[in-house]
Amino acid sequence: MTASVLDRVRQIVADVFGLALDQIDARSSPELIEAWESIAHLNLVLSLEQAFGVSFTPDEIAELVSVEAIVNKVHMKLSQAA
Amino acid sequence: MSVEAENHRQQIDALIASGDASGAHALLADLWQAESSPALAGFIVSRWEKMRDQLSCLKCKTAILRSFTLEPLVPMVRAGAAAAGIDLDVQLGDFNAYAQEIIDPGSRLYRFDANLVILAVQTRDIAPRLWQDFTDLTPADVDDAVQRVTNSFATWIETLRSHSQAHLVIHSLDLPPRFNQGVLDTQVESSQAWAIQQINQQLATLARQHTGVYVLDYDALIARHGRLNWYDPQKWLTVRLPIAADKLIHLAEEWLRFVCPLTGKAAKCLVCDLDNTLWGGIIGEDGIDGIQLGAEYPGAAYLELQRAILDLYQRGIILAICSKNNNDDAMEVLENHPHMLLRPHHFAAKRIDWNDKVRNLRAIAAQLNVGIDALAFIDDNPVECRLVRSQLPEITVIQLPEDPMLSADLLRRSPVFERLSRSDEDRTRGQMYAEQRRRGELKQTVASLEDFYESLGMQAHIALVTPATLPRVAQLTQKTNQFNLTTRRYSEQQIAALAADPDWRVYSVQVVDRFGDNGIVGVAITHRRDDIVELDTFLLSCRVIGRTVETAMLATIAEHAKEAGAARLVGSFIPTRKNAPAADFFKMHGFDCTSEDVHESTWGLDLTRSAVEPPPWIDRKVSVEGMPHDRVRA
Numbered sequence: 001m002t003a004s005v006l007d008r009v010r011q012i013v014a015d016v017f018g019l020a021l022d023q024i025d026a027r028s029s030p031e032l033i034e035a036w037e038s039i040a041h042l043n044l045v046l047s048l049e050q051a052f053g054v055s056f057t058p059d060e061i062a063e064l065v066s067v068e069a070i071v072n073k074v075h076m077k078l079s080q081a082a
Numbered sequence: 001m002s003v004e005a006e007n008h009r010q011q012i013d014a015l016i017a018s019g020d021a022s023g024a025h026a027l028l029a030d031l032w033q034a035e036s037s038p039a040l041a042g043f044i045v046s047r048w049e050k051m052r053d054q055l056s057c058l059k060c061k062t063a064i065l066r067s068f069t070l071e072p073l074v075p076m077v078r079a080g081a082a083a084a085g086i087d088l089d090v091q092l093g094d095f096n097a098y099a100q101e102i103i104d105p106g107s108r109l110y111r112f113d114a115n116l117v118i119l120a121v122q123t124r125d126i127a128p129r130l131w132q133d134f135t136d137l138t139p140a141d142v143d144d145a146v147q148r149v150t151n152s153f154a155t156w157i158e159t160l161r162s163h164s165q166a167h168l169v170i171h172s173l174d175l176p177p178r179f180n181q182g183v184l185d186t187q188v189e190s191s192q193a194w195a196i197q198q199i200n201q202q203l204a205t206l207a208r209q210h211t212g213v214y215v216l217d218y219d220a221l222i223a224r225h226g227r228l229n230w231y232d233p234q235k236w237l238t239v240r241l242p243i244a245a246d247k248l249i250h251l252a253e254e255w256l257r258f259v260c261p262l263t264g265k266a267a268k269c270l271v272c273d274l275d276n277t278l279w280g281g282i283i284g285e286d287g288i289d290g291i292q293l294g295a296e297y298p299g300a301a302y303l304e305l306q307r308a309i310l311d312l313y314q315r316g317i318i319l320a321i322c323s324k325n326n327n328d329d330a331m332e333v334l335e336n337h338p339h340m341l342l343r344p345h346h347f348a349a350k351r352i353d354w355n356d357k358v359r360n361l362r363a364i365a366a367q368l369n370v371g372i373d374a375l376a377f378i379d380d381n382p383v384e385c386r387l388v389r390s391q392l393p394e395i396t397v398i399q400l401p402e403d404p405m406l407s408a409d410l411l412r413r414s415p416v417f418e419r420l421s422r423s424d425e426d427r428t429r430g431q432m433y434a435e436q437r438r439r440g441e442l443k444q445t446v447a448s449l450e451d452f453y454e455s456l457g458m459q460a461h462i463a464l465v466t467p468a469t470l471p472r473v474a475q476l477t478q479k480t481n482q483f484n485l486t487t488r489r490y491s492e493q494q495i496a497a498l499a500a501d502p503d504w505r506v507y508s509v510q511v512v513d514r515f516g517d518n519g520i521v522g523v524a525i526t527h528r529r530d531d532i533v534e535l536d537t538f539l540l541s542c543r544v545i546g547r548t549v550e551t552a553m554l555a556t557i558a559e560h561a562k563e564a565g566a567a568r569l570v571g572s573f574i575p576t577r578k579n580a581p582a583a584d585f586f587k588m589h590g591f592d593c594t595s596e597d598v599h600e601s602t603w604g605l606d607l608t609r610s611a612v613e614p615p616p617w618i619d620r621k622v623s624v625e626g627m628p629h630d631r632v633r634a
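Protein sequence lines, in the order shown, are assigned to chains P and X. Just so we're aligned: 75 in my numbering is position 75 of the first sequence, and the numbers increase by one with no gaps anywhere. Just so we're aligned: 588 in my numbering is position 588 of the second sequence, and the numbers increase by one with no gaps anywhere.
Be careful, since some hints might not be right.
[Claimed, not checked] Computed list of lysine-lysine pairs in DSSO-like fashion (alpha-carbon distance at most 30 Å, straight line):
1) X:578 x X:479
2) P:77 x X:268
3) X:61 x X:324
4) X:61 x X:50
5) X:59 x X:479
6) X:247 x P:73
Since the hints were made in silico from the structure, they are not lab data.
Make a model of the complete structure from these sequences and hints.
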């Protein structure tokens, strides 16, 4: 694992929505990415859970509303697990 | 996310932009094999959609009927299919609406006209009392529940079959991770486990009674990956997705085990590398005493892979070797190493030299008379794998992992060796290829071709298809590419339907000669319209091409047509990239060409004036005992 959490999350978001990596930054959110609707959000959550080996509660899933929010939540989860 | 994977993505996009679709597809397959994740599925599918029109890919329309959330699986199964060169069009049924969709003849399901229907149900939806209220049930209630669920499956199968010719794959029911009555469950009759297993056994029986109906052992899939880890209770309670995020890929891969054989993505031959594949180390450097192979670590890992390869051989996969080595060094191991499971007689072709592997793989395909796309290639060297993928994109490349202890499982996971029915031919194919080598040796010792035919002592058993020969006949229509006049593919249920129609005849031809039984090697399907008999399908396995078996088949068909009062025997030749060996068939047998363009030529023979002369060196045994004209069961 050489890339930072931010870079990994950006790549996952880009992959899930079929976009290029440089189209995604920390501010990317459902308002800015048209494909980011509810089923796609579920795909994104599952992708994050699989990639980082974490599990989000229903409340947490509702809060994952931007790349930045995801990165913060993943950091929190990983430090809890450590 | 490694830097290499990111570069991979950029390279794929660059190749798509430059119009090199097959190069892009090779990298895409590489990437998916290295990392089959839910996120990557999105990338794979979005890029696949940009390249698929420029690739010659197999197509499969799959309808998934389900009782739970499966939306996240759709990109994953499509990505896996895309990596295998299959364009999978998926229609997901409405949530928990599977029963209505099966029963309503006007439903979205039937309008979709699927090739494959997957019925994905789970115990807690279809038999909730057996899943959660089990401790309330009396033995009579349990029997009742088992009977009710089994009857439902029977009804759905019959109903679906009456509206659709699609293949049907049904999930078996899962056992709960913990039994409601704890360890007591295993001690009593009419237990929770027993009840669910009863349903699964009866489901398997139902599937065997119908052509084209198969069971996906969902319970075994869950057990394989760990029952408690498979489920995600939070996702189930919130979004009705019962499966944990990191387990989704396994269900997608399990579906592909059915998609691959049903679409014809099937390898007939496994070509093996030697050094660091069949054994550890390099024979040219380490010598026969220095390589790793044996019952103990580390040699045991290689023995496990050999065992997996031997299983494939027993299942009818032809084996071959393609290795960069000195032939004598390698043969010494194959012949004399005490721990080798695979011996020279298991391999139908060997290329052990210093030529490049792409060239040798082409030569192996030519020698075995199979298409390049019928090869799978296993090698530990990533550079060789990359080269073969890019130069021969039709080949299935299986790149071994760095840890040899994971190799056997990787091979066993590959979907291209999956088959959904087993013919007798599959069991003895390895042996038949050995006999073929000896026939080739005979050909070199006899003078004229006629002498050669005579010396073979051929018998052709020409018969109408029966339930016993149905799987092989369907298999031949699906797999035969070279000597095939029209290349029409039929499923078992379609063949059964044709055989039951009095206007149609489905012939099988089995050839026996002095070297052994070649099995069923030819299929012809005729369609009678007024005083014309049309050859809908006429094909011959490459195993017997060049032995005039086709003339014996055609002579019999012409005789039957004439006996039935037909005045003309007609047929067409539809050229493909592969069927040139059949191009002169009609001309050679005295047919007149009635029309011709690039897509098709049509031919006719006036049966009132001409006949087809049967070859004198083939002893024809003709039987017209056919299929019973009621419901056909394979």
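Given pair status - residue 479 of chain X, residue 59 of chain X, alpha carbons within 30 Å:
15 Å, holds
Are the Cα positions of residue 77 of chain P and residue 268 of chain X separated by 30 Å at most?
48 Å, violated
Restraint status (C-alpha distance of residue 578 of chain X to residue 479 of chain X at most 30 Å)
12 Å, holds
Under the criterion that the straight-line Cα-Cα distance not exceed 30 Å, is the pair residue 61 of chain X, residue 50 of chain X satisfied?
Status holds; Cα separation ~19 Å.
30 Å Cα cutoff - pair residue 61 of chain X, residue 324 of chain X:
Status violated; Cα separation ~41 Å.
Given pair status - residue 73 of chain P, residue 247 of chain X, alpha carbons within 30 Å
It holds: about 22 Å lies between the C-alpha atoms, which stays within 30 Å.
In terms of the numbered hints stated before, the structure departs from hints 2 and 3, listed from lowest to highest.
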